[in-house]
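Student: One-letter residues, chain by chain:
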Amino acid sequence: MSDTAPMTYREACRQALIEAMEADPRVFMMGEDIGAYGGCYAVTKGLLDMFGPERIRDTPLAESGFTGAGIGAAMVGMRPIVEIMTVNFSLLALDQIINNAATIPHMSGGQFAVPLVIRMATGGGRRVAAQHSHSLEGWYAHIPGIRILAPATIEDARHMLKPALADPNPVLIFEHVMLYNDTEPFDASVNAVDIATAAVRRAGADVSLVTYGGSLKKCLAAAETLAEDGVDAEVIDLRVLRPLDDATILGSVRKTRRCVIVDEGWRTGSLSAEIGMRIAETAFFDLDAPLRRVCSAEVPIPYAPAMEDAALPQPATIVATVRELMGRG
Amino acid sequence: MRDFKMPALGADMEAGLLAEWLVKPGDKVKSGDIVCVVETQKGAIEVEIFENGVIEELVVQPGEEVPVGATLARLDGEAAKEEGAAPAPKRPSLPKWPPPPLPAKAAPPAPRHPPAPAAAAPPAGGRAAVSPAARRRATELGLDPETLTGTGIDGSVTLADVEAAAREPGEKRPAEAPAAEAPPAKPARKGFDPAEMRKAIAAAMQRSKREIPHYYLGQTIDFAAATEWLAATNATKPPPERLMPAALLLKATALAIAEVPALNGHYEDGAFRPGSGINIGWIVALRGGGLVAPAIRDADKQGVRDLMAALRDLVQRARTGGLRASELGSGTVTVTSLGERGADSVIGVIYPPQVAIVGFGRIAVRPWVVDGAVVARPLAEASLAADHRVCDGHLGGLLLAAIDRHLQQPGKL
Amino acid sequence: MTDAERLALIRDVLGGIAPEAADAEIAGDADLRETLDLDSMDFMNVVIGLHERTGVDIPEADYSELFTLDGAMAYLAAKGA
Numbered sequence: 006m007s008d009t010a011p012m013t014y015r016e017a018c019r020q021a022l023i024e025a026m027e028a029d030p031r032v033f034m035m036g037e038d039i040g041a042y043g044g045c046y047a048v049t050k051g052l053l054d055m056f057g058p059e060r061i062r063d064t065p066l067a068e069s070g071f072t073g074a075g076i077g078a079a080m081v082g083m084r085p086i087v088e089i090m091t092v093n094f095s096l097l098a099l100d101q102i103i104n105n106a107a108t109i110p111h112m113s114g115g116q117f118a119v120p121l122v123i124r125m126a127t128g129g130g131r132r133v134a135a136q137h138s139h140s141l142e143g144w145y146a147h148i149p150g151i152r153i154l155a156p157a158t159i160e161d162a163r164h165m166l167k168p169a170l171a172d173p174n175p176v177l178i179f180e181h182v183m184l185y186n187d188t189e190p191f192d193a194s195v196n197a198v199d200i201a202t203a204a205v206r207r208a209g210a211d212v213s214l215v216t217y218g219g220s221l222k223k224c225l226a227a228a229e230t231l232a233e234d235g236v237d238a239e240v241i242d243l244r245v246l247r248p249l250d251d252a253t254i255l256g257s258v259r260k261t262r263r264c265v266i267v268d269e270g271w272r273t274g275s276l277s278a279e280i281g282m283r284i285a286e287t288a289f290f291d292l293d294a295p296l297r298r299v300c301s302a303e304v305p306i307p308y309a310p311a312m313e314d315a316a317l318p319q320p321a322t323i324v325a326t327v328r329e330l331m332g333r334g
Numbered sequence: 359m360r361d362f363k364m365p366a367l368g369a370d371m372e373a374g375l376l377a378e379w380l381v382k383p384g385d386k387v388k389s390g391d392i393v394c395v396v397e398t399q400k401g402a403i404e405v406e407i408f409e410n411g412v413i414e415e416l417v418v419q420p421g422e423e424v425p426v427g428a429t430l431a432r433l434d435g436e437a438a439k440e441e442g443a444a445p446a447p448k449r450p451s452l453p454k455w456p457p458p459p460l461p462a463k464a465a466p467p468a469p470r471h472p473p474a475p476a477a478a479a480p481p482a483g484g485r486a487a488v489s490p491a492a493r494r495r496a497t498e499l500g501l502d503p504e505t506l507t508g509t510g511i512d513g514s515v516t517l518a519d520v521e522a523a524a525r526e527p528g529e530k531r532p533a534e535a536p537a538a539e540a541p542p543a544k545p546a547r548k549g550f551d552p553a554e555m556r557k558a559i560a561a562a563m564q565r566s567k568r569e570i571p572h573y574y575l576g577q578t579i580d581f582a583a584a585t586e587w588l589a590a591t592n593a594t595k596p597p598p599e600r601l602m603p604a605a606l607l608l609k610a611t612a613l614a615i616a617e618v619p620a621l622n623g624h625y626e627d628g629a630f631r632p633g634s635g636i637n638i639g640w641i642v643a644l645r646g647g648g649l650v651a652p653a654i655r656d657a658d659k660q661g662v663r664d665l666m667a668a669l670r671d672l673v674q675r676a677r678t679g680g681l682r683a684s685e686l687g688s689g690t691v692t693v694t695s696l697g698e699r700g701a702d703s704v705i706g707v708i709y710p711p712q713v714a715i716v717g718f719g720r721i722a723v724r725p726w727v728v729d730g731a732v733v734a735r736p737l738a739e740a741s742l743a744a745d746h747r748v749c750d751g752h753l754g755g756l757l758l759a760a761i762d763r764h765l766q767q768p769g770k771l
Numbered sequence: 023m024t025d026a027e028r029l030a031l032i033r034d035v036l037g038g039i040a041p042e043a044a045d046a047e048i049a050g051d052a053d054l055r056e057t058l059d060l061d062s063m064d065f066m067n068v069v070i071g072l073h074e075r076t077g078v079d080i081p082e083a084d085y086s087e088l089f090t091l092d093g094a095m096a097y098l099a100a101k102g103a
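Residue numbers (this note's numbering), protein chains in the order written: chain A, 6 to 334; chain B, 359 to 771; chain C, 23 to 103.
A hint or two may mislead.
As the list claims (entries may be wrong) - Just so you have them, the derived chain B footprint on chain A, three or more residues with Cβ under 8 Å:
{"id": "1", "region": "287–298"}
{"id": "2", "region": "326–333"}
Claimed, not checked - Here are the simulated distance ranges between beta carbons:
{"id": "3", "chain 1": "B", "residue 1": "A582", "chain 2": "C", "residue 2": "M23", "range": "32 to 42 Å"}
{"id": "4", "chain 1": "C", "residue 1": "T24", "chain 2": "B", "residue 2": "T594", "range": "24 to 34 Å"}
{"id": "5", "chain 1": "B", "residue 1": "G576", "chain 2": "C", "residue 2": "E74", "range": "32 to 42 Å"}
{"id": "6", "chain 1": "A", "residue 1": "F289", "chain 2": "B", "residue 2": "G751", "range": "27 to 37 Å"}
{"id": "7", "chain 1": "B", "residue 1": "H752", "chain 2": "C", "residue 2": "Y85", "range": "32 to 42 Å"}
{"id": "8", "chain 1": "B", "residue 1": "A667", "chain 2": "C", "residue 2": "A96", "range": "25 to 35 Å"}
{"id": "9", "chain 1": "C", "residue 1": "A99", "chain 2": "B", "residue 2": "P598", "range": "18 to 28 Å"}
{"id": "10", "chain 1": "B", "residue 1": "H752", "chain 2": "C", "residue 2": "D92", "range": "47 to 57 Å"}
I should point out that these hints are in silico values taken from the structure, not numbers from a laboratory. Predicted, not measured: the structure shown is a model, and the values here were computed from it. Yeah, the Cβ is synthetic: ideal placement off N, Cα and C, and Gly gets one too.
Based on the sequences and whatever the hints tell you, model everything.
Tutor: The following block contains the structure:
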């Protein structure tokens with residue numbers, strides 16, 4: 006019998022960091038409030054005591070500076086883990102991430118690797134208003150040279166960090182803020198996951214719900230509601246937003262012939278648009294209904310709870326969209 | 359109420375001139391009936407209907423030119439549509455017949471879902487909404503998806519609707535055109551316009567030479583056995599029952615194609631789709647220039663005498679403007695035979711979207727080596743032009759070899 | 023059947039296959055296949071037409087006697103048509 010004691014997503018992230026720090030002396034962390042405060046989302050609580058200020062480094066509020074320092078450290082052989090408090094603040098480090106981290110391995114003709122991992126929180130739902138609630142991971146998925154991960158399960162939160170650190174190129178890990186308190190049984194016998202493929206989280210025959218991150222559990226809830234109507238939904242967790250696992254997405258859509266993409270990013274110019282277009286390009290003749298998307302409303306995410314909930318994808322909107330697609334609207 | 363529409367008689371046709379109606383309002387029609395004559399670049403074409411019903415209204419009058427897809431007539435909404443109707447002539451490029459009927463169910467099937475609400479958005483351009491998967495499956499089954507009741511989003515026809523229609527009891531193969539029926543008296547038809555036909559040929563052949571990477575093979579075939587067999591069998595028959603070499607060439611090619619199915623079908627949208635039957639487009643040169651390639655369906659399954667009768671019938675009708683819509687554009691491979699006054703050899707141009715054309719030059723007595731000695735033999739040059747996107751010369755060589763092999767045993771054709 | 027009747031019959035059969043034959047000036051010794059551009063199928067239909075109108079069997083070996091108008095008339099006369 007494997008050990009399946011419950012674990013929170015936050016604890017899974019924390020254990021992954023501890024494991025990485027213990028396994029490799031080149032690994033160290035930088036970020037705002039990660040040391041004395043224990044991390045904005047308490048992921049790094051206790052790590053300062055365990056590993057000391059040399060390896061758990063509190064930084065000034067200067068994303069461009071400490072992200073750039075992380076890139077430099079990675080280039081000279083360290084394995085830095087940079088934490089950016091939320092994706093909204095990572096915009097201050099865009100130049101470092103896109104113009105340096107993503108390009109240096111290419112522009113140096115392979116002379117420099119950038120084995121850097123950047124963790125950041127993403128997404129809405131915590132009533133912290135527009136400047137802390139957006140989902141911009143789709144932007145990063147546009148950029149060649151970086152790998153984008155979106156762990157949506159406890160298992161992925163626990164195990165994606167290790168292969169991310171082993172990757173010689175920069176890897177960005179997006180942790181949805183509404184997942185940290187989730188508790189799920191954790192199978193301790195599983196000790197590795199890949200960072201290349203999407204996963205079928207629920208098999209189904211009638212429609213594919215393609216999603217990632219914080220929307221996964223909404224899709225799984227919607228699938229249960231739809232099952233009561235006799236609609237058998239398959240739920241695909243992308244896990245890796247760049248490069249996309251086309252084979253799993255297209256395999257699912259070719260089976261179910263219908264697809265709803267659920268993406269907390271805004272619809273316009275989004276990752277959902279990219280996925281929909283790939284399906285249209287490659288599996289058009291397998292489709293039995295138009296492609297549909299459930300995305301966030303095209304507004305800065307509101308502060309008022311009722312408005313924030315209305316702006317984000319919800320199980321009810323996913324269910325309604327699928328019902329319409331099945332001709333049961 | 360259903361619409362009977364102007365069919366596309368070939369991939370390049372955009373509009374057709376309704377020349378005459380062979381039915382009038384109130385007439386009962388059944389699937390396979392010839393209901394009108396359309397003047398096209400290929401001449402006057404008899405157009406069949408693939409539904410049963412009663413003609414309610416003739417929308418287009420003789421002399422009017424209308425685009426492909428325009429409603430020509432309306433049928434009453436009462437009479438049952440013939441299940442498994444033949445492929446709509448509108449999309450003749452993938453001729454396939456429905457599978458054999460499944461055991462009939464005890465009760466007529468109820469629609470899986472109530473009909474689409476009236477508020478369903480009409481599809482753009484007046485087309486019925488058919489999902490891509492449903493449209494592909496319907497083509498495979500030989501159904502016209504636009505005649506089905508849709509249960510999908512906005513009343514669209516889905517894959518399940520097509521599968522359900524294919525399963526309905528009473529499905530049967532569309533009746534073959536009743537060849538023995540005396541043709542109704544028809545008023546004289548306008549002959550084809552050579553300039554228009556030249557345009558149609560030019561368009562098809564330009565597309566072929568532009569898009570298809572042809573490869574070419576040739577093989578000399580000894581016709582001694584075939585010639586002797588023909589002479590012997592024809593000696594005992596009155597002229598109308600005699601066979602011409604063309605019938606043997608047609609059957610031998612059909613049997614050979616059955617052995618090399620990669621050359622039978624269509625190349626469209628970047629992919630080869632095998633034909634579901636061997637429908638041989640037979641090139642008929644028209645007096646005064648121009649040619650058409652009406653198809654002889656399932657040529658591999660017909661005897662040589664039936665094929666001879668079909669050839670005579672086709673050539674006759676091709677030259678008098680009596681070809682039927684279902685015969686045009688439905689070929690899966692083409693054969694051109696130059697006949698006894700033709701050149702020694704022909705290297706064909708593939709008729710898109712097909713992927714191969716087999717050519718035969720005239721049969722002539724020439725020197726040939728048999729058992730180490732030069733002897734006079736009736737010989738003919740067979741050729742193949744095939745699409746390199748689909749296969750290579752090795753496969754083409756197998757086809758020519760198979761044709762040769764079949765022609766050495768004419769009694770078995 | 024008189025010569026004139028035979029000629030009319032042959033021209034009628036030819037006209038059914040090559041419409042322009044009905045009015046064309048055709049020399050008696052001209053090869054009909056060349057003059058009227060008859061291919062093998064057309065010629066077969068000429069044979070069938072003559073057979074059906076006259077009852078003469080016309081074996082394949084005799085086809086070459088029908089290549090001209092004069093030849094065809096002589097052949098039909100010799101066969102009693």
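Student: Against this structure, judge whether each hint is valid.
Tutor: Status of the hints after comparison with the structure:
1. 287–298: This one holds; 7 residues, not fewer than the three required, reach chain B with a Cβ under 8 Å.
2. 326–333: Check passed, 5 qualifying residues.
3. B:A582 - C:M23: 32 to 42 Å: holds (40 Å)
4. C:T24 - B:T594: 24 to 34 Å: holds (33 Å)
5. B:G576 - C:E74: 32 to 42 Å: holds (39 Å)
6. A:F289 - B:G751: 27 to 37 Å: holds (33 Å)
7. B:H752 - C:Y85: 32 to 42 Å: For C:Y85 against B:H752, whose Cβ atoms are near 41 Å apart, the range 32 to 42 Å holds.
8. B:A667 - C:A96: 25 to 35 Å: holds (31 Å)
9. C:A99 - B:P598: 18 to 28 Å: With a Cβ separation near 23 Å, C:A99 and B:P598 satisfy 18 to 28 Å, so the hint holds.
10. B:H752 - C:D92: 47 to 57 Å: holds (54 Å)
In summary, the structure agrees with every hint in the numbered list given earlier.
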